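2 protein chains.
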Amino acid sequence: MKSKLHFKSDFSTIDKTKLFNAIEKEKESIGYYNLPEQNIDEILEYANNFDENIDTVVVIGIGGSSLGAKAIYEFLKPSNNLKRKLYFFESTDPININELLEKIEILKSHIFVISKSGTTVETMAVFKYLYSLDSTNSRYTFITDSGSKLDKFANKIGSKVFNLPKNVGGRFSVLSVVGLLPLALGGVDIKALLDGALKIKESFFNDGYLKESLLNKALFYAKYHTTYNINCLFAYSQTLKYFAEWYVQLWGESLGKKQRHSAFNVGVTPIGLIGPKDQHSFLQLIMEGTRDKSITFIKIDDFHKSLKIPNISLPHLEELDILNDISFSDLISMQSESVLEALLNEGDIPIDEIIIDEVNEESIGELIYYYELLTSLVGELIDVDTYNQPGVEAGKIILKQKLQELGFRFQD
Amino acid sequence: MKSKLHFKSDFSTIDKTKLFNAIEKEKESIGYYNLPEQNIDEILEYANNFDENIDTVVVIGIGGSSLGAKAIYEFLKPSNNLKRKLYFFESTDPININELLEKIEILKSHIFVISKSGTTVETMAVFKYLYSLDSTNSRYTFITDSGSKLDKFANKIGSKVFNLPKNVGGRFSVLSVVGLLPLALGGVDIKALLDGALKIKESFFNDGYLKESLLNKALFYAKYHTTYNINCLFAYSQTLKYFAEWYVQLWGESLGKKQRHSAFNVGVTPIGLIGPKDQHSFLQLIMEGTRDKSITFIKIDDFHKSLKIPNISLPHLEELDILNDISFSDLISMQSESVLEALLNEGDIPIDEIIIDEVNEESIGELIYYYELLTSLVGELIDVDTYNQPGVEAGKIILKQKLQELGFRFQD
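One line per chain: the protein sequences are A and B, in this order.
Those letters in the first sequence? Residues 445 to 856, by this note's numbering.
Those letters in the second sequence? Residues 445 to 856, by this note's numbering.
In short, the hints are calculated from the structure, not lab data.
Among the hints, a few may not be true.
No copy labels: a pair is met if it fits in one copy or bridges any two.
To be verified - In silico EDC-like cross-links for lysine to aspartate or glutamate, where the CA-CA straight-line distance does not exceed 16 angstroms:
{"id": "1", "residue 1": "Lys-610", "residue 2": "Glu-656"}
{"id": "2", "residue 1": "Lys-521", "residue 2": "Glu-546"}
{"id": "3", "residue 1": "Lys-840", "residue 2": "Glu-546"}
{"id": "4", "residue 1": "Lys-529", "residue 2": "Glu-849"}
{"id": "5", "residue 1": "Lys-610", "residue 2": "Asp-796"}
{"id": "6", "residue 1": "Lys-572", "residue 2": "Asp-769"}
{"id": "7", "residue 1": "Lys-844", "residue 2": "Glu-763"}
{"id": "8", "residue 1": "Lys-604", "residue 2": "Glu-802"}
{"id": "9", "residue 1": "Lys-572", "residue 2": "Glu-763"}
{"id": "10", "residue 1": "Lys-527", "residue 2": "Glu-496"}
{"id": "11", "residue 1": "Lys-846", "residue 2": "Glu-781"}
{"id": "12", "residue 1": "Lys-702", "residue 2": "Asp-736"}
{"id": "13", "residue 1": "Lys-844", "residue 2": "Glu-781"}
{"id": "14", "residue 1": "Lys-604", "residue 2": "Asp-589"}
{"id": "15", "residue 1": "Lys-844", "residue 2": "Glu-785"}
{"id": "16", "residue 1": "Lys-846", "residue 2": "Glu-785"}
Note that this is a predicted model, so its numbers are computed, not measured.
Make a model of the complete structure from these sequences and hints.
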């Protein structure tokens, strides 16, 4: 993985040691930092000895309980020969539920129910539905906090349960059992995934090549968070579509907060874009709209070279012969470079680039840990508690009241 | 369709006649305004007499050439019994291309090639690829500007061609042949679609119930476009996922501009959210983040009541019995209301609501025209040319140079 900052990021007058030390200190209490070195023997044993007749892995989870595993699975799916298919129930929308039910065969599926708290309304509603279709307890594995009501339920019915490690929040949990278990069952090389994450961790904490660049990028985003209150991730590959969704949750939920030491609401709004498609949707706004956006381009160096534009010439359309014999992936590469150049020419848009060498487990592990670190750094700098999400509670309380009122009505 | 503004929108001291008259005047030259009254006999004849052996409609198009038809198709698909399946090639990403090729059977498909200019790189690259697989000219219908090179090519090979009406830009073209033709072939009632649009048009231009509300909403968005530089559409139905993508293009490309009478870049950034899924991703940022977002909730009054949460009680999880026997769609309704209430309680977030009665052609026609009008109004107020997109040209020119250099290299 390479990282290039195209904006001025000389914070030489700022003492970066303080920031670095704050993160060093967080590392002692915040669980995600140390996931790359965890012991995965139990997960590997579980996955390696799994029933070979099961060809489908179903995940019931929402937000942090599904976005990470989905991002990794969808990134690897088109190029790796994965062992099992993964499907994600991540909404109570009956349209999603029906669509997914059409695709899976329950008798050939293993179902993960993932809820940190154990009482996530959407997850539990969908679980109840699937459980009413098939209540074979060995078909289900539960991932939840130790001691939660779901933990107790799972133990009661004798299903397999895994607990989340301590102090790992949902949106930072992809490299814990939450992501690793379903992925390992799917055939993903989770050791390589963690190795990728470890590479970034070591580079940052042991004075490697990414340390300065990460600190400078975070300092820039934090210093100008009111000017550039929007951060766009512009990925030139369909494989990164769900990574972009994972990033949106990570960034939005971590940084959109009341400040710890002020009464003010802060935050930087994340937007995930996929090229070249979104060139025809969002690019005009970046190019000529308000200068309120920073842009990170993500490019994969080498992928799917085989599909080529055929060497045919069409009457009246000879100008398009320029495309002949070019692979679609080279075309996308050139499109990404062209858009990058055009935006750089504007001179006043903060742009940086991340270049991934290959589509594999190590690369996506790197990318995930890179973004987690960046989020922690910016959170520290804009003075928020990066790891909580108090803002979603109010709606849950109102929902519970509404459900209770409805329940009373039923009893009449 | 109902519309409720929850923010203060009393612009009684402002002379709204000037704004209204500007839009009245645009109506004479900008083509989209008058699409609801167009003659669709030719389209209906084309669709009604189509080969019954063709069961799949393929659209090759990007941006405005595909997003609109896709939005309508995906909205109607789960509830209507449509006649043919529609697939959209809207990227040069080899992963998309391969995925779609696996799903379609070319010999049972009819293929639309849609490019206003006739030389859109992505569309033409994919067309060349499909044409190399099957060059039966009757399998293709072309939609392009009259006199374009693609128009000439299509006439030369004897395929059917339809031209876009004058002064209808790509992102405003969904209710023209661009959207209507593939949709009619798919079995969508395009007459009802246009009737829905006409209802909104008449309501606005003939002093109907939406006029004041649209003017006030546009005035608010425009007046505070630097304060609330982000507009979120929060739709509580998976069926509106692609409508949200259509809105992102419409809003972003239309409003992200240099002002006509200043040197400044302006624009409001569109974000499409789908509930309840994005409650677990983006809601924290809306609730506690910077007050830089206006939010429009879209709710469908009545849909898919049949799928229910089963009436089962699970040990240790009895608190979730509160969900028993509720339909998933009622749960979503309550979730949407709860989040809306919680956000209104904050007191300083500009929120409004759009409520759609039913999932049908008329509703989505209404919604489309409503958003087109709103875009025109805000564009007029923030002093941009709503209908051009000069910012995307620079990247295209650089790409052409890169392709030419590569061509020269090949010739060596």
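Hint check:
no.	hint	result
1	Lys-610 with Glu-656	neither (30 angstroms within a copy, 54 angstroms between copies)
2	Lys-521 with Glu-546	between (20 angstroms within a copy, 15 angstroms between copies)
3	Lys-840 with Glu-546	neither (30 angstroms within a copy, 42 angstroms between copies)
4	Lys-529 with Glu-849	neither (41 angstroms within a copy, 43 angstroms between copies)
5	Lys-610 with Asp-796	neither (34 angstroms within a copy, 40 angstroms between copies)
6	Lys-572 with Asp-769	between (53 angstroms within a copy, 11 angstroms between copies)
7	Lys-844 with Glu-763	between (62 angstroms within a copy, 10 angstroms between copies)
8	Lys-604 with Glu-802	neither (35 angstroms within a copy, 43 angstroms between copies)
9	Lys-572 with Glu-763	between (59 angstroms within a copy, 13 angstroms between copies)
10	Lys-527 with Glu-496	within (10 angstroms within a copy, 40 angstroms between copies)
11	Lys-846 with Glu-781	between (52 angstroms within a copy, 9 angstroms between copies)
12	Lys-702 with Asp-736	between (21 angstroms within a copy, 14 angstroms between copies)
13	Lys-844 with Glu-781	between (50 angstroms within a copy, 12 angstroms between copies)
14	Lys-604 with Asp-589	within (14 angstroms within a copy, 62 angstroms between copies)
15	Lys-844 with Glu-785	between (51 angstroms within a copy, 13 angstroms between copies)
16	Lys-846 with Glu-785	between (53 angstroms within a copy, 11 angstroms between copies)
The structure fails hints 1, 3, 4, 5, 8 (numbered hints given earlier, in ascending order).
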